[in-house]
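So the sequence lines, in the order shown, correspond to chains H and U.
Residue 60 in the working numbering sits at position 3 of the first sequence; the count goes up by one each step and never skips.
Residue 649 in the working numbering sits at position 105 of the second sequence; the count goes up by one each step and never skips.
Just so you know, these hints were derived from the structure itself, not from any lab.
Just so it is clear, the structure is predicted and the values come from calculations on it, not from any experiment.
Cβ coordinates follow ideal geometry from the N, Cα and C atoms, glycine included.
Careful: at least some of the hints might be erroneous.
Below, computed lysine-lysine pairings styled on DSS-like, alpha-carbon distance capped at 30 Å [unchecked claim]: (1) U:Lys658 <-> H:Lys114; (2) U:Lys593 <-> H:Lys114; (3) H:Lys99 <-> H:Lys140; (4) U:Lys613 <-> U:Lys602; (5) H:Lys99 <-> U:Lys612; (6) H:Lys99 <-> U:Lys602.
Coverage of chain H stretches by chain U, computed from C-beta distances (three or more under 8 Å per stretch; other residues unrestricted) [stated by the list, open to error]: (7) 86-94; (8) 125-133; (9) 158-171.
For reference, the chains in residue letters:
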Amino acid sequence: EPEVTQTPSHQVTQMGQEVILRCVPISNHLYFYWYRQILGQKVEFLVSFYNNEISEKSEIFDDQFSVERPDGSNFTLKIRSTKLEDSAMYFCASSELVLGADTQYFGPGTRLTVL
Amino acid sequence: AQSVTQLGSHVSVSEGALVLLRCNYSSSVPPYLFWYVQYPNQGLQLLLKYTTGATLVKGINGFEAEFKKSETSFHLTKPSAHMSDAAEYFCAVSDPLGNTGKLIFGQGTTLQVKP
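So that you can see chain U by itself, here it is in the shape it has in the complex:
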């Protein structure tokens, strides 16, 4: 069975600092990997995803993530945090062999950006 672990339910950074949100997965086969962001009172919005190919994936709003198979990780980074990045971030996986599209989510990480 697949699972996702996000280390740190709350992360606080200063504006302009590096953002690092951690995600590790457990899966019998390398899964497809996703990062979603949720702003207050809004739905989940896709930031980026890894399916195949280049392991460094660039997404919207300056975020990127690197798939590391040896570490079963897909950490999300952004070089310089903006106040507008404050939100909840979810890592998710899906089974590349499945045919139902089910996403399995991590617990979420709330990112706080301090001025």
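For reference, chain H alone in the conformation it holds in the complex:
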């Protein structure tokens, strides 16, 4: 069964450093998402992406964050200058359609630790 993959599974970085989290969505999916979960808190929506454009972003997704689909398979989340509060599990998801009823398929997550 097709699945969403994410690399790395765990990333440790120093405050102020740039990190890039990578995701490979399911191949025929057109809509991509990033969510994050700070330890002990809710899973929070960050951004949705379609046709090489951001469809919606949350207030968390400030100028320090960016997303890109650099080729036909990868979808990346970049944090330019990490802060301690960026430490969280980051989940990538993809869906075939963008309709609210469509199922989003999630990857296993990347645990980001900012020291």
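Following the hints, complete the assembly by docking chain U onto the known chain H.
Okay, now just chain U, sitting in the frame of chain H:
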């Protein structure tokens, strides 16, 4: 604005007992409703969803949920718990009028199954 509340961050049941995980939502229009499960070190997996039609929805692994508009609830049940059901469960909503697919999650409920 939409929101989701899951009552009980931890639920413990005995193997073979009824599982009941509670989810209430707040939304100006009836939303689409989802239950996801997360096993350790894995991504979120869709258990079931309600979009339109029959309000009792059956999902994978013997789980079901009932949409009750009057109670703004979408509680998840399973008649008989198995040890393998131990996991974290997330209720989520999306806006049927939206076009970005954003999911809004509850806080999650950890289900413990005792032998």
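Original post:
Which of the stated hints cannot be reconciled with the structure, identified by number in ascending sequence?
Top reply: As far as the earlier hints go, 1 and 8 are violated by this structure, in ascending order.
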